[in-house]
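Q: Sequence:
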Amino acid sequence: MSALSYLLVDGHSVMHAWPELKRDQRSASRRHLARLELMKRLRTYQDMTGKQVVLVFDGTHSQRSEEREPEGLQVIYAEATTTADAIIERLASRYARQHPMQVVSADGMVRETILACGADWTSPEMLKSMCEDAERRLGDEISKRR
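Numbering (the working numbering) for the sequence shown: 1 to 146.
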């Protein structure tokens with residue numbers, strides 16, 4: 001069993017659940033701002049917890065794409081014919097028994113599938129609380145060093 005643990009996040013599910021992201025998500029010209037804010041908050045969470053965060057978005061392009069920041073987030077954009085749900089379920093099915101894995105999604109079917117695969121489920125609202133806690137801890141660390 002590897003010590004590396006994962007947090008898989010359905011990006012659109014979270015952006016629709018968090019009011020401060022939902023406002024920007026509704027506007028095509030501002031949608032990227034919601035995505036950037038979510039990524040920023042997840043980076044802080046990853047830095048403060050040591051979990052590898054994998055952020056998955058539904059895609060609009062003909063093929064799947066993936067971005068990985070050095071020491072940072074892994075972001076997967078599904079191809080247009082696949083959903084983020086399908087990618088998350090596939091990852092949980094393949095890796096949840098080898099690595100501790102937590103999945104964030106508002107979709108009940110995804111929850112049932114990933115639980116059957118051995119992953120843990122978390123709501124978008126709980127993720128917000130987890131991010132706020134990580135941000136608070138980071139602020140405390142910065143204050144201590146001053």
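Treat the hints with care, as some may be off.
[Unchecked claim] Pairs of lysine to aspartate or glutamate residues, derived as EDC-like cross-links and limited to a Cα-Cα distance of at most 20 angstroms, are as follows: (1) 40 with 112; (2) 51 with 67; (3) 40 with 24; (4) 40 with 66; (5) 22 with 132; (6) 40 with 140.
No wet-lab data here; the hints were simulated from the structure.
Q: Each hint should be assessed against the structure and marked as holding or not.
A: These are the hints, each one checked on the structure:
At roughly 29 angstroms between alpha-carbon atoms, residue 40 and residue 112 are farther apart than 20 angstroms, so this suggested pair is violated. This hinted pair checks out: residue 51 and residue 67 have alpha carbons roughly 17 angstroms apart, not beyond 20 angstroms. The hinted pair formed by residue 40 and residue 24 meets the criterion: a straight-line CA distance of about 15 angstroms does not exceed 20 angstroms. A C-alpha spacing of about 17 angstroms is found between residue 40 and residue 66, which places the hinted pair at or below 20 angstroms, so the restraint holds.
Proximity of residue 22 to residue 132 is assessed by CA-CA distance (about 17 angstroms); at most 20 angstroms being required, the pair is judged to hold. For the proposed pair residue 40 and residue 140, the alpha carbon gap of about 18 angstroms is at most 20 angstroms, so the pair holds.
Figure legend: structure checked against the earlier numbered hints; the only hint not met is number 1.
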